[in-house]
Amino acid sequence: MNDFGAQDVDVVVIGAGQAGLSGAYHLRRAGFEPDRDFVVLDHAPRAGGAWQFRWPSLTYGKVHGMHALPGRELTGADPARPSSEVIGEYFTDYEDAFGLRVHRPVDVSAVREGEGGRLRVETSEGVYATRALINATGTWDRPFWPRYPGQETFRGRQLHTANYPGPEEFAGQRVVVVGGGASGTQHLMEIAEYAAATTWVTRRPPVFREGPFTEEWGRAAVAMVEERVRRGLPPKSVVSVTGLPLNDAIRAARESGVLDRLPMFDRITPSGVAWDDGRVVDTDVILWATGFRPVIDHLAPLKLRGPGGGIEIDGTRAVKDERIHLVGYGPSASTIGANRAGRAAVREIRKLLDVSLEVR
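Each residue of the sequence shown is one higher than the one before, counting from 1347 in our numbering.
Each hint should be verified, as a subset may be incorrect.
[Claimed, not checked] Between beta-carbon pairs, the in silico distance windows are: (1) Tyr-1494 <-> Pro-1551: 14 to 22 Å; (2) Ser-1470 <-> Lys-1649: 20 to 28 Å; (3) Arg-1639 <-> Asp-1354: 27 to 35 Å; (4) Arg-1458 <-> Phe-1399: 26 to 34 Å; (5) Arg-1639 <-> Arg-1550: 12 to 20 Å; (6) Arg-1458 <-> Pro-1495: 38 to 46 Å; (7) Arg-1639 <-> Arg-1458: 17 to 25 Å; (8) Phe-1399 <-> Asp-1439: 14 to 22 Å; (9) Asp-1354 <-> Gln-1497: 43 to 51 Å; (10) Pro-1425 <-> Asp-1354: 44 to 52 Å.
[As the list claims (entries may be wrong)] Simulated crosslink set (DSS-like; lysine-lysine; CA at most 30 Å straight-line): (11) Lys-1697 <-> Lys-1666; (12) Lys-1649 <-> Lys-1697; (13) Lys-1649 <-> Lys-1666.
Because the hints were derived from the structure by calculation, they are not lab data. From the three backbone atoms N, C-alpha and C, an ideal C-beta is built for every residue, glycine too.
Produce the complete structure using the sequences and hints provided.
Now the structure itself:
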């Protein structure tokens, strides 16, 4: 504890999902001691990152592209079990195996400029004064709800992917699913088996990708996302540039008409949705599978955002403040990207801290 009532550490890691645990693992490997040299703060009630909040029908076998955390494989998982259970147990085991000592539930309210060149991290368990920060807060806590004329008049139910309960709850109902990403298509295919009727609407025509997702294709997709964040623009999801992989289930849904997409409606009415060309669809439920935005409001006091609305980063480092690294942000939002970003962030932080010690 320093003279300003804050606990001094070298690094604070905010978030204990894939990206945060990767960063903590590489800090541990580099010789940093948990609760002495670094601390991991997570606001969730238990281990599992955002996976713990996924709907029960998202079984582990349906998970797209889950990559193991560094240093410990996930083996023998039952593909029929909910992914929230499988990955929650895996993360719990991972934290215990490497002694990461995650503090939870802890809310971080703000990160500000502190004393002596340190960052002041204000949390629900007290204040930390840190020399570097790994921000791994993901997107789950900031679901994106588009606004359309008449939305407040709708008499039915509106919900977001973040609150999706599973398909059985929509039995006998008419459902409009909004969104052309992986979640939207999965929701739609599940709900169609129970609902009285389904309608799929997206802003842009969905892009379905034939063939295997090669390493070369993956690198190209990540590079496109990375280019945006380097220019200080808000990141887009990797799937927005990779497209949706075609599999047997999606082919069948397209052939049956379940994945028959309509363009985005122009307004919402008390009983449904409507287009300016006169088309009307009456519905009981509007499910917004419209994605999420990065959870970075706690960094606002540092004024890291650029004119484009995003945080300009070089690799994982915030261009405006070399002490801050964003992992699981933009090009590192995938599970394999988060692993690599955690390693890269720690490598840069070690250089930064070594230099600061020399200056002293």
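The hints, checked one at a time:
no.: 1; hint: Tyr-1494 <-> Pro-1551: 14 to 22 Å; in the structure: holds (19 Å)
no.: 2; hint: Ser-1470 <-> Lys-1649: 20 to 28 Å; in the structure: holds (24 Å)
no.: 3; hint: Arg-1639 <-> Asp-1354: 27 to 35 Å; in the structure: holds (32 Å)
no.: 4; hint: Arg-1458 <-> Phe-1399: 26 to 34 Å; in the structure: holds (29 Å)
no.: 5; hint: Arg-1639 <-> Arg-1550: 12 to 20 Å; in the structure: holds (18 Å)
no.: 6; hint: Arg-1458 <-> Pro-1495: 38 to 46 Å; in the structure: holds (39 Å)
no.: 7; hint: Arg-1639 <-> Arg-1458: 17 to 25 Å; in the structure: holds (22 Å)
no.: 8; hint: Phe-1399 <-> Asp-1439: 14 to 22 Å; in the structure: holds (19 Å)
no.: 9; hint: Asp-1354 <-> Gln-1497: 43 to 51 Å; in the structure: holds (48 Å)
no.: 10; hint: Pro-1425 <-> Asp-1354: 44 to 52 Å; in the structure: holds (46 Å)
no.: 11; hint: Lys-1697 <-> Lys-1666; in the structure: holds (17 Å)
no.: 12; hint: Lys-1649 <-> Lys-1697; in the structure: holds (24 Å)
no.: 13; hint: Lys-1649 <-> Lys-1666; in the structure: holds (9 Å)
Going down the numbered hints, you'll see the structure goes against none, and every one checks out.
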